[in-house]
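Peer 1: Below are the chains, spelled out letter by letter.
There are 2 protein chains.
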Amino acid sequence: MSSIKDVAILAGVAVGTVSRVINKSGAVKPATRRKVEEAIQELNYVPNEIARNFKMRKSKMVALMLPSIWHPFFSELAYYIEDELDLEGYKLMLCNSGGKPEKELYYLEMLQQNKVAGIVGITYNDIENNVSNDIPIVSIDRHFNKKITCVTSDNYEGGRLALRELVKAGARKPAFIGSVTSVYSETMNRREGFIQEAKTMGVEYVVYEKPDPVEDDDAYFDELLKEHHDVDGVFAITDIFAAKYIERAGRQGIRVPEDVKVIGYDGIQDHPYFHPLLSTIRQPVEEMARMTIRLLYEKIEGKDLEQQVYRLPVTFRQGETT
Amino acid sequence: MSSIKDVAILAGVAVGTVSRVINKSGAVKPATRRKVEEAIQELNYVPNEIARNFKMRKSKMVALMLPSIWHPFFSELAYYIEDELDLEGYKLMLCNSGGKPEKELYYLEMLQQNKVAGIVGITYNDIENNVSNDIPIVSIDRHFNKKITCVTSDNYEGGRLALRELVKAGARKPAFIGSVTSVYSETMNRREGFIQEAKTMGVEYVVYEKPDPVEDDDAYFDELLKEHHDVDGVFAITDIFAAKYIERAGRQGIRVPEDVKVIGYDGIQDHPYFHPLLSTIRQPVEEMARMTIRLLYEKIEGKDLEQQVYRLPVTFRQGETT
Chain A
1 MSSIKDVAIL
11 AGVAVGTVSR
21 VINKSGAVKP
31 ATRRKVEEAI
41 QELNYVPNEI
51 ARNFKMRKSK
61 MVALMLPSIW
71 HPFFSELAYY
81 IEDELDLEGY
91 KLMLCNSGGK
101 PEKELYYLEM
111 LQQNKVAGIV
121 GITYNDIENN
131 VSNDIPIVSI
141 DRHFNKKITC
151 VTSDNYEGGR
161 LALRELVKAG
171 ARKPAFIGSV
181 TSVYSETMNR
191 REGFIQEAKT
201 MGVEYVVYEK
211 PDPVEDDDAY
221 FDELLKEHHD
231 VDGVFAITDI
241 FAAKYIERAG
251 RQGIRVPEDV
261 KVIGYDGIQD
271 HPYFHPLLST
281 IRQPVEEMAR
291 MTIRLLYEKI
301 EGKDLEQQVY
311 RLPVTFRQGE
321 TT
Chain B
1 MSSIKDVAIL
11 AGVAVGTVSR
21 VINKSGAVKP
31 ATRRKVEEAI
41 QELNYVPNEI
51 ARNFKMRKSK
61 MVALMLPSIW
71 HPFFSELAYY
81 IEDELDLEGY
91 KLMLCNSGGK
101 PEKELYYLEM
111 LQQNKVAGIV
121 GITYNDIENN
131 VSNDIPIVSI
141 DRHFNKKITC
151 VTSDNYEGGR
161 LALRELVKAG
171 ARKPAFIGSV
181 TSVYSETMNR
191 REGFIQEAKT
201 MGVEYVVYEK
211 PDPVEDDDAY
221 FDELLKEHHD
231 VDGVFAITDI
241 FAAKYIERAG
251 RQGIRVPEDV
261 KVIGYDGIQD
271 HPYFHPLLST
281 IRQPVEEMAR
291 MTIRLLYEKI
301 EGKDLEQQVY
311 RLPVTFRQGE
321 TT
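Just so you know, the sequences run in chain order A and B.
Sequence positions in the first sequence follow the working numbering and run 1 to 322.
Sequence positions in the second sequence follow the working numbering and run 1 to 322.
Hints in this document: simulated from the structure, not taken from any laboratory.
Just to be clear, a hint being listed does not mean it is correct.
Because identical chains cannot be distinguished in the list, a pair is counted as satisfied if it fits within a single copy or across any two copies.
As the list claims (entries may be wrong) - Straight line, CA to CA, 35 Å or less: simulated DSBU-like cross-link-like pairs of lysine-lysine:
#1 Lys100 / Lys24
#2 Lys115 / Lys100
#3 Lys60 / Lys103
#4 Lys210 / Lys168
#5 Lys173 / Lys100
#6 Lys24 / Lys35
#7 Lys100 / Lys303
#8 Lys60 / Lys100
#9 Lys199 / Lys60
#10 Lys244 / Lys173
#11 Lys5 / Lys244
#12 Lys100 / Lys244
#13 Lys24 / Lys168
#14 Lys115 / Lys29
#15 Lys5 / Lys35
#16 Lys35 / Lys60
#17 Lys173 / Lys210
#18 Lys199 / Lys210
#19 Lys210 / Lys226
#20 Lys60 / Lys210
Put together the whole structure using the sequences plus the hints.
Peer 2: This is the structure we're talking about:
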């Protein structure tokens with residue numbers, strides 16, 4: 001690890017000058033300051049306490065990139081992320097990327113310019129070429145191929161759990177329904193767990209997927225209901241998918257749970273006022289949010305993390321649809 | 001309005017020096033830079049183009065303070081606010097104040113230190129002593145006594161509309177139910193409009209309110225249902241209040257809309273999957289968000305606004321509860 005001396009040598013200045021730059025105290029010529037700051041960056045000179053404070057002073061801001069804050073799952077996540085950041089005096093910058101890669105790249109640039117200290121990213125775009133493993137970024141759900149730390153619910157176990165609960169509720173031909181992104185995402189494990197458990201239990205099953213995002217709900221559900229009319233259980237990749245299925249199936253006289261048992265994923269309904277209350281695999285949103293921020297701090301401080309993917313346990317929440 | 005020359009004179013430097021400070025180009029001694037920056041602040045030296053860019057560079061960040069991003073109304077608002085800010089390259093800093101005045105005061109301090117360019121505030125706390133009329137802050141819903149610009153839906157007309165729709169649906173003794181904050185809030189006009197319209201129409205009505213926040217839902221609704229069992233229409237101050245009422249009334253065998261017609265306020269249900277779909281006074285959330293940001297820009301640029309309160313029209317959205 002580099003010392004303040006290394007920085008002084010590389011910049012060709014005295015140690016006292018480096019210290020003045022770090023503390024922003026006393027007169028330093030702009031050209032000298034620039035040389036020192038470049039040396040600090042080049043050596044990735046990291047804290048003793050003074051340097052840490054300096055670094056902190058540069059940015060106490062964390063960017064949260066998510067497809068849309070308007071989605072109840074993401075707004076719950078953002079709520080706890082902001083709460084956890086606030087404990088350490090960090091501020092949250094919010095970015096609805098809306099799936100726009102250029103907006104996400106812009107925030108990565110801000111990170112490289114030290115305008116934000118770190119990024120929490122929920123992205124389904126393939127921006128990984130612009131992401132290196134040593135920058136403070138923690139992903140949620142999305143698992144990058146490179147060494148980006150990822151916090152996620154245990155999607156695989158969630159899929160297994162959903163299959164078991166559908167069978168327990170009486171389903172004999174359950175289907176997994178969802179959409180599939182072009183790049184690898186942790187959410188794909190929901191399907192994998194579902195399939196694996198069905199095979200283990202010897203249950204006949206269906207997988208119905210279309211490319212993400214699904215542009216035409218009518219076409220999606222019409223085809224599903226037409227081609228798989230014998231399905232009597234549905235595990236939907238999200239609660240919203242589950243709710244849409246129930247509404248479309250209802251139009252054709254299919255009753256839930258009498259004719260088809262339905263289980264969603266997320267647990268977006270946080271009060272019991274609107275029906276149906278979905279049976280669902282509940283993500284531990286608060287724990288995911290807080291763990292994400294604590295891991296991000298470690299990365300900001302330059303520490304190596306033990307794991308690349310942190311999977312938190314899910315639970316089944318019984319609603320009115322199984 | 002001050003010129004670059006005024007700044008140079010006050011700082012005791014050449015105009016070229018001021019320009020170099022503004023453009024962050026060329027060598028300027030830290031002490032000189034400080035003098036120039038102080039002079040700029042003291043004179044409130046505002047753009048020509050160079051100065052504007054300089055000012056922008058200081059902060060392209062707007063803070064959004066709201067009680068909780070987890071609430072669907074606020075997350076929809078935040079979605080459009082971020083979208084509008086993004087058009088001009090501004091970033092959104094998000095703060096869940098959770099009704100904590102100290103957190104709100106902290107953001108006001110950030111504004112005074114130029115760490116944020118402006119604040120959009122949804123606050124129900126009485127922080128107005130710390131708010132002066134010349135700082136770039138725009139309030140939503142909450143109407144400060146001082147000259148803080150406020151963007152709100154037309155709560156008074158919303159209250160009148162709700163009363164008329166309840167009567168039209170057959171209610172003969174409608175009630176307004178809500179909670180009441182200790183400081184003045186625009187939302188109080190929902191009640192006022194309701195009362196005024198009832199008087200105009202000669203309709204018997206009930207007002208049922210408790211101090212905000214309502215800590216004990218059970219006590220709140222038990223008392224309401226016990227003391228006002230003859231009520232056959234409810235206008236609730238928010239959709240959530242309406243949903244809670246429906247759930248509690250249902251436990252006592254009261255059917256909605258057969259026995260009691262119910263209208264909420266906000267329009268938080270943005271898809272038709274969960275029931276009951278509330279009949280509601282829909283706030284023009286997107287328009288409110290975009291207007292708020294455009295007004296904030298004018299304040300950031302030091303312009304005087306024509307109005308203090310901007311009220312946007314609401315509409316009645318028919319659901320399943322009237």
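Peer 1: Indicate, hint by hint, whether the structure satisfies it.
Peer 2: Going down the list of hints, with the structure as the test:
1. Lys100 / Lys24: between (38 Å within a copy, 32 Å between copies)
2. Lys115 / Lys100: This pair counts as both: shortest intra-copy Cα distance 21 Å, inter-copy 27 Å.
3. Lys60 / Lys103: both (21 Å within a copy, 16 Å between copies)
4. Lys210 / Lys168: Only inside one copy: Lys210 and Lys168 sit 28 Å apart there, 46 Å across copies, limit 35 Å.
5. Lys173 / Lys100: Neither. Shortest intra-copy (38 Å) and inter-copy (51 Å) distances fail the 35 Å Cα cut-off.
6. Lys24 / Lys35: Close inside one copy (14 Å) and across copies (16 Å); limit 35 Å.
7. Lys100 / Lys303: Result: close both inside a copy and across copies, 31 Å intra and 34 Å inter.
8. Lys60 / Lys100: For Lys60 and Lys100, both the intra-copy (25 Å) and inter-copy (21 Å) Cα distances are at most 35 Å.
9. Lys199 / Lys60: neither (49 Å within a copy, 54 Å between copies)
10. Lys244 / Lys173: Cα proximity of Lys244 and Lys173: one copy only (20 Å, versus 37 Å across).
11. Lys5 / Lys244: For Lys5 and Lys244, neither the intra-copy (62 Å) nor the inter-copy (65 Å) Cα distance is at most 35 Å.
12. Lys100 / Lys244: within (25 Å within a copy, 38 Å between copies)
13. Lys24 / Lys168: Neither. Shortest intra-copy (65 Å) and inter-copy (68 Å) distances fail the 35 Å Cα cut-off.
14. Lys115 / Lys29: This pair counts as both: shortest intra-copy Cα distance 23 Å, inter-copy 24 Å.
15. Lys5 / Lys35: both (14 Å within a copy, 32 Å between copies)
16. Lys35 / Lys60: The answer is both: 23 Å in one copy and 27 Å across copies each meet 35 Å.
17. Lys173 / Lys210: Classified as within: same-chain Cα gap 20 Å, cross-chain 52 Å, threshold 35 Å.
18. Lys199 / Lys210: within (22 Å within a copy, 57 Å between copies)
19. Lys210 / Lys226: within (15 Å within a copy, 52 Å between copies)
20. Lys60 / Lys210: Neither way: Lys60 and Lys210 sit 41 Å apart in one copy and 40 Å across, limit 35 Å.
Comparing the model with each earlier hint shows violations of hints 5, 9, 11, 13 and 20; every other hint is respected.
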